[in-house]
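Enquirer: Sequence order for the protein chains is A and B.
For the first sequence, counting from 1, position 279 maps to 290 in the working numbering; every step adds exactly one.
For the second sequence, counting from 1, position 48 maps to 44 in the working numbering; every step adds exactly one.
No wet-lab data here; the hints were simulated from the structure.
Hints are supplied without guarantee of correctness; some may be wrong.
[Unchecked claim] If you only want the chain B side, here are some residues facing chain A, beta carbon under 10 Å, derived:
(1) 137
(2) 160
(3) 168
(4) 179
(5) 183
(6) 193
(7) 198
(8) 209
[As the list claims (entries may be wrong)] Here are a few chain A residues that face chain B, going by a calculated C-beta distance under 10 Å:
(9) 141
(10) 149
(11) 162
(12) 164
(13) 201
(14) 202
(15) 221
(16) 249
Even glycine gets a Cβ: it sits at the ideal position worked out from N, Cα and C.
Residues per chain are reported as follows:
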Amino acid sequence: MLLVLLIVPLFAAVALAFVGDRKFAPDINIAGSAATFIAGAGLALQVYEQGSMLAGGKFFFVDAFNIYLAVLTSFVSMTTAVFSRRYMRREREHGRVGRTRMRFYHAMYQLFIFAMLLCLLTNSIGILWIAMELATLSTVLLVSLYRTPTAIEAAWKYFILCGVGIAQALFGTVLLYFAAEKVLGEGGEALLWTNLNQVSGSLEPTVLSLAFVFLMVGYGTKVGLVPLHNWLPDAHSEGPTPISAVLSGLLLNIALYALVRCKVLVDGATGTHRAGNIMMGFGLLSILVAAFSLLRQKDIKRMFSYSSIEHMGIATFAFGLGGPVATFGGLLHVLVHSLAKSSIFFTAGHASQMHMTQEMDRIRGLFRGNSLVGWGLMLGVMAIVGMPPFGIFTSEFLILTATMKDAPYLTPVLLLGLAVTFAALFRRVQPMVSGDAPAYQKAIKAAHVPVILHMVLVLVLGLYMPDFLNKWFHTAVGLLK
Amino acid sequence: MDLNVAAQLNSFLAAFVLLTAFGMLVQRRMFGLVHLFMWQGLFLSINTAIVGFVAGKHHLYISSLLTLSLKVILLPYILHVLIRRLKVHKEVEVVENIPMTMLMGIALVIFSYYLMSPVSQLSTLVTRSTLAVALATVMIGLLMMITRKHAVTQIIGFLAMENGLFFAATSATYGMPLVVELGVALDILIAAFIFGIFFFHINTAFDSLDVDQMARLKEED
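Just chain A, same shape as in the assembly (with noise of 0.2 Å):
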């Protein structure tokens, strides 16, 4: 199962590049990623039953944690194909995109969904890494696209900038096995994770600390923290909407992902709190600093960009200072703000079609121009700055609870962030949804299923929690002490 996981997306990326702009192609893509999600649900449904596995001679393996975010990525995945169907249709319309940009971008889309999952599923640090650049490589010309100067530039800058911040990530790695090798030998079994796991207190710690700084600077990169960030707006607001959804709402995971693997190994072998300290430090001055840019935004998928780098800023915080609450609190934010801002940037794609620009002063009157826009947008709002009833109040609430408890002098400077978030935010949605509709503005036919779906999901996450979903979060919890 877990093989199949990873083989329909190549499978569907080479597939795709082989029958180019047919008026089906859009179909293969919503297939494949609906196999991929299949697949990916049938391996939690054993993993749920089961327990951790390890399978294609030890290279792969999964637990509750990487599975969890497997079934995520395979099912945004899947909601967006959908999603671009109609959006990419539209562009094609306007003539922003020619046949051999059509091909190249599906079986792109594939390839990024292929090295994602290959990141999380893999047992080995030298592939994530690996896996990890591929990500970043299959994306770069998909925010080009368009090929304006301005994609140009925001892609030629997230591929130096992700590119040198992975490099040192490599460095890291490096630093990594020659520690590991010291205590499993030498070969690849040194850098499986389950092994490692295993014997981290026997692990020098002078070298994993240094290690770890490497592995946080690259992989925090790609996390988009601060002062690391400054490739994730534009790479995030200049490619087509379906990119910017899947860059914001999966690809950050993925980063952290690693990031929160890596903590807990160097912790584990230093046996002090150093690692998560770092973390924590980082996600602060995300929070912090993207909050205020907000304010000053005037592009709307900039915007919301600033807003990812807050949520993967809270999200790293919560997985730095570690604890029972705070990793539960931690692992539902990923799971709701994926949901969430994939949404988000779905209706303001659609919003940005509808007005021909994606500056927000230009954008007005959604809730009668196209209400599902309109509310798609206002409702996805409300969750993301986190208002109950939605998923996200839940899991902010968890970790601010977290550190009132065990950081409590960190309590104001995250209640600071949050409150200017929700200010920068309802100041600049406000007059977009509301008002009459300018003459400018143009009907299109939206995309439904995939909006709804992810507002409904992330309401019902924040009314009530399935008994299963609690299970593995604890289960995951567990993973993570």
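Based on the hints, put chain B in the right spot on chain A.
Expert: Just chain B now, kept in the frame of chain A:
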């Protein structure tokens, strides 16, 4: 081979790797940069083969060959072709404040030695003394990417960083497991195609490869 001789050869080649890194930092001509990059790859490749021989690690021969074919032959060739096609081979890049850049490079080398000293002390390998040089190569590549404004130069800086990482893996642990090294090589190859495409896009969109012109995406107040 005597271990002592091997350690000295290793240090000798490390010195050359570092020298080429400094050379790249201030080289203004495109072809000059590519040639320096080629030399750096060659030193790395020879070094890897020697380490493989001394330590009796046969997978290092494969890494050495991989470096030779990728970093000494294929990538310089691709860069050569690109530079010719883009007609930038006559361009002389303005490098500001060379002495200052050099001094910063030296400071980075010292910093690398400081950072790596606890790690080198723990190591028992022949190559332990060169780990700091490897980190310095990475750092100087990074410095090059910051100080230079030409797209091709930035990419060469990126590839030089990659060289430093490869060197680090050889020095610290006699190379990463082969699967990982092959995967990294594959990633570099894909990256090479991407930056090749990019050069043309940038050239069409901005009429030059000067990345300083890319300043449209800024926070406005």
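Enquirer: Next, verify each hint and record whether it holds.
Expert: Hint check results:
no., hint, in the structure
1, 137, "holds, 8 Å"
2, 160, "holds, 8 Å"
3, 168, "holds, 4 Å"
4, 179, "holds, 4 Å"
5, 183, "holds, 5 Å"
6, 193, "holds, 7 Å"
7, 198, "holds, 6 Å"
8, 209, "holds, 9 Å"
9, 141, "holds, 4 Å"
10, 149, "holds, 8 Å"
11, 162, "holds, 9 Å"
12, 164, "holds, 4 Å"
13, 201, "holds, 8 Å"
14, 202, "holds, 6 Å"
15, 221, "holds, 7 Å"
16, 249, "holds, 7 Å"
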